[in-house]
Amino acid sequence: MEDRIRLRLLTPDGLGWEGRVCSVSLPTPEGSVGILRGHAPMLCAVAPGVLRCRNAAGETRRIRVSEGVAGVEKDELTLLLQSVELL
Amino acid sequence: MVAAAKLTKTQRSFGALQDFASASRGMLERLGGAGAADEPLLRAPETDAKLVYVLIVGNRGLCGTYNSALLKALQELAEAERELAGDADKEISLVVCGRWGREQIAALGLPVLRRFAVSDVPTAAEAEEISAYLQELYLGGAADRIVVVHQNFRSVLSQIPTARALLPLELPEGGAAADVIYEPDPASLLHTLLEQTLLGGVHAALLEARAAEHAARMTAMAAASDNTDELIAELSLKLNHARQAAITTEIAEISGGAAALKDKR
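So the sequence lines, in the order shown, correspond to chains A and B. Reminder that position 2 of the first sequence reads as 1 in numbering that gives the first Met the number 0, one-by-one numbering, no gaps. Reminder that position 143 of the second sequence reads as 142 in numbering that gives the first Met the number 0, one-by-one numbering, no gaps.
So that you can see chain A by itself, here it is in the shape it has in the complex (with noise of 0.2 Å):
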């Protein structure tokens, strides 16, 4: 699969992390979410824990997020958050 998603963390000090991935799963109050290219728009709550991201290459990158918002609209998904830990 190609690296068709892009992915910005944002928080108030500045930009977390940004890469291209091909999949993303995202701690909600409801449970984890799983993102793949073509998902449709959607805005969604995002729970504190740990985000997981993976590449085309299989490599896969866990980031420790705090509560906040996710959107997602045209393979773009941008999360609001107060904080972010690479893991």
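No wet-lab data here; the hints were simulated from the structure. The structure displayed is predicted, hence computed values, not measured ones. Virtual Cβ for every residue (Gly too), placed ideally from N, Cα, C. Some clues are possibly wrong.
Label-pair ranges, simulated between beta-carbon atoms [what the hints assert, rightly or not]:
| hint | chain 1 | residue 1 | chain 2 | residue 2 | range |
| --- | --- | --- | --- | --- | --- |
| 1 | A | D74 | B | A222 | 51 to 59 Å |
| 2 | B | S157 | A | G57 | 50 to 58 Å |
| 3 | A | T27 | B | A222 | 50 to 58 Å |
Chain B stretches covered by chain A per the calculated footprint, using a threshold of three residues with CB under 8 Å from any CB of chain A [unchecked claim]:
| hint | stretch |
| --- | --- |
| 4 | 5-18 |
| 5 | 22-31 |
| 6 | 114-127 |
| 7 | 193-204 |
Following the hints, put chain B in place on chain A, whose structure we already have.
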């Protein structure tokens, strides 16, 4: 020099915050007012009796008229509000951020609800503490309207006192995007986004105020060292004059004395 470095840092933080704020505004627009009916942060209270000013002063003096001009602007604002209210009740109180001027602020005669310490380059954590407190005031009914008053950074040479409403919040204009999935529901998303907007508003005000303070201090310090240079030049000239005068008198005395001795012989 120190102020210049802090100014650069503050401006960089401000840029980062603006990216966050514009993304947040974009999401609010996509929500397009969905779930806004019961949102307490948007509802304007029936009365407008309790007004809270969030005053952001500097941490120190030595920055020209930065603090005193701000206090004067605040005083004018409060007077205008009282005049507008006429006979109606108007309680005006303050929340102060920054260390400067305990006495000067007390002299305004407005009750201070709480004081917050804010570092020279304000962080998100500091803004969060303040915005949580403001939300508590507003939702608890202790404030009908919250306005932040601070010096705004226009350029290194000029700062202007600014007042901006923080609460109640206003939704940005824009229609809802069609066919968007809301998870879990629009109302709770809206609340989270509005909380972030409030936090962003507080943080931006803190950063702007600090940028203005660092700029004002830079200007004041540059003017001060220019003044001392001038003073040093003036005093050196005076000193040389005085020394020359003293030497001349001494020579005149010696030669006068020598002439007198010659006459005696």
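Status of each hint after checking the structure:
1. The hinted window of 51 to 59 Å between D74 of chain A and A222 of chain B holds, with their beta carbons roughly 54 Å apart.
2. Against the hinted window of 50 to 58 Å, the Cβ-Cβ separation of S157 of chain B and G57 of chain A comes to about 55 Å, which satisfies the hint.
3. The supplied range of 50 to 58 Å is met by T27 of chain A and A222 of chain B, whose beta-carbon atoms lie about 55 Å from each other.
4. Judged by the Cβ-Cβ criterion of 8 Å, the stretch 5-18 of chain B is covered by chain A as claimed, because 4 of its residues qualify and three suffice.
5. Only residues whose C-beta sits within less than 8 Å of a C-beta in chain A count toward coverage, and the stretch 22-31 of chain B has 6 of them, enough to reach three; the restraint holds.
6. With 4 residues carrying a beta carbon less than 8 Å from a beta carbon of chain A, the stretch 114-127 of chain B meets the three-residue requirement, and the given coverage holds.
7. Coverage of the stretch 193-204 of chain B by chain A holds in this model, with 4 residues showing a Cβ closer than 8 Å to a Cβ of that chain against a need of three.
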